[in-house]
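On the provided structure of chain A, position chain B as indicated by the hints.
Chains as they are written, first to last, in numbering that gives the first Met the number 0: chain A, 0 to 353; chain B, 0 to 251.
None of these hints come from the bench; they were simulated from the model.
Certain hints may be false.
What the hints assert, rightly or not - Covered stretches of chain A, as calculated for chain B (at least 3 residues, CB under 8 Å): (1) 48-62; (2) 66-75; (3) 85-96; (4) 144-156.
Claimed, not checked - Chain B is nowhere near these chain A residues, computed Cβ spacing over 12 Å in every case: (5) G197; (6) K227; (7) E273; (8) G349.
Glycine residues also receive a C-beta, built at the ideal position from the N, C-alpha and C atoms.
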Amino acid sequence: MSKVLMKGNEAVGAAAIKAGCRFFFGYPITPQNELPEYMSRELPKVNGTFLQAESEVAAINMVYGAAGAGARVMTSSSSPGIALKQEGISYIAGAELPCVIVNMMRGGPGLGGIQPTQADYFQATRGGGNGDYRTFTFAPASIQEAVDLLIEAFDIADQYRIPALVLGDGMIGQMMEPVEFNEPKQRPLPKKDWITTGTGGKRKPNIVNSLYLDPDELEEHNMRLDKKHKEIEANEIRYELYNMESPEIVLVAYGTTSRIVKNAIAILKEEGIEAGLIRPITLWPYPYGVFRELPKSVKALLTVEMSLGQMLDDVKIANEGRLPVHFYGRAGGVIPVPKEIVTKVKAIMGGEQP
Amino acid sequence: MSVVFEKTHALTDAHFHYCPGCTHGIIHRLVGECIEELGVLGDTIGVAPVGCSVLAYNYFDCDMSEASHGRAPAVATGIKRVLPDKTVFTYQGDGDLASIGTAEIVHVAHRGEKITTIFVNNAIYGMTGGQMAPTTLIGQKATTSPYGRSAEHCGMPLRVAEMLATIDGAAFVERVSVHDPRHVKKAKKAIMNAFKCQLEGHGFGIVEVLSSCPTGWGKTPEEALEWLVENMIPYYPLGNLRDPWKEKSDEH
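Looking at chain A on its own, in the form it has when it is part of the complex (with noise of 0.2 Å):
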């Protein structure tokens, strides 16, 4: 298949399309709104539905409907839109639904602005619902990934039964490059047999509940829970390595922002220092364990963030204190251009301490 250029919004509902999403539920945001308009325009032509909620929290719980009725069903929102989805979020992985939430973060907090951050680390890795849940979290780097992952991202979440965010910012959303929409990659998928669509009198009735008012019966369900979590963990984890041959600083960062790292590695070398890069392309589960197998060589940690240091958290847990970890992030909308990074890295080289 030939390679079209699109903008990152409308290429990821093409891929939505594509992994056969025909229910779309949202509320209109910038920088994000490309996506739900494409939404409108393609899904009537292969028979799905567009609806424009009234409200981010009605758009959550239309998906959660949805989707405890056996669609493939998306949403999409940036980061005050998410921030209102979190309650429904919680209660589509309290009751082990399977949807996908696309985020196309924006600076915040509270309105923020409408230039990319990576702000929402935390609400996506950490949950920003209420009670012990996870949202399996993709964060792609370019459109082309994005394509992939979210088809993925469908797979993922029918799966396991449980939400999975793609984690894009407003640059990932508003950008254009050249993509091809690959064929999904099968998974074999269990068979949606608690799914509400009327018994037809054949069968016992189906429940989409998230309520265990008997304490040990929820520690059950927690539990239940915790233990797909640690599959996922076990099965799920994605990450990119680059130039990590034989590095003398390793830099952490995804999405958008591992990009502008790329380049300040190549400037790096250009003057004579070897510079490493990881890249979580999973954000939760997170992979944690390739901090383990660093070389020898490697004698600090950067983390790069489009935010106050995020993901810099996960980073010390990954580390488990055996390197210095620096950190450099812009907030509020404000990208980070390579030539401050690569100051950075000198900073670190000539001996600052983190």
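This is chain B only, laid out in the frame that chain A set:
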């Protein structure tokens, strides 16, 4: 021995958790009877709310989904859009529907979503221990209106049926009560019509059912029914506000 009367098959054998004198049990049964008599039990998906009827999914013998507080209409929208040929209903109390979920109920009516809502109005928050609801009457004492509800402080009680009847997409709107057998029969007819409204594809249908809360009101079951008649019905008048068949015949 021959069976002369049976409980509806649309309800399971689970014991209701409702307090003595609460009319949720009657309303559950009416909803069940309507679904069974319409022959759609196997094609029905119900949505339970948060509040006293939070466990409704254990009582209706059909597929059920539990929604978060106030969001049942949004959940029902998701279900109905995926399964347009199935019968979808929400069962909601006044805290759920008239307070935290007002946006959802207004917009499900506004879209003319082809679902049926059973709205149980007992003028108080029952499950959480008798706090004030938007439907609590002026002067009525609740745990969060210990001096009696004052209009100046928190507004007049919200008339949901009247509010929704102003919305074009609300095809069937009726307020009923279940305080005596005659009114129970009328309530059943209204619930039946609200489901028929959905089955015939007219749009959104809602039945507001005035219900008693002896525990929350601090009254005996009998006193509670008397209080409902004397205090609730004058402020929440019974009757049909929208009916797709009547409106159609009016045009001719």
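Hints, one by one, checked against the model:
A stretch counts as covered by a chain when three or more of its residues have a beta carbon under 8 Å from one of that chain; for the region 48-62 of chain A and chain B the count is 11, and the coverage holds. Here the region 66-75 of chain A counts 6 residues with a CB under 8 Å from a CB of chain B, which clears the bar of 3, and the coverage holds. Using a Cβ-Cβ cut-off of 8 Å, 4 residues of the region 85-96 of chain A lie near chain B, which meets the minimum of three, so the contact claim holds. Under a criterion of three residues with beta carbons nearer than 8 Å to beta carbons of chain B, the stated coverage of the region 144-156 of chain A fails, only 0 such residues being counted.
With a least CB separation of 4 Å from chain B, G197 (chain A) falls inside the 12 Å interface cut-off, contrary to its annotation. Distance to chain B confirms K227 (chain A) as a non-interface residue, since its nearest Cβ pair spans about 20 Å, more than 12 Å. At roughly 52 Å from the closest C-beta of chain B, the C-beta of E273 (chain A) stays outside 12 Å, upholding its exclusion from the interface. Listed as a non-interface residue, G349 (chain A) keeps its Cβ farther than 12 Å from every Cβ of chain B; the least gap is roughly 54 Å.
Consistency with the previously given hints fails for numbers 4 and 5, ordered from lowest to highest.
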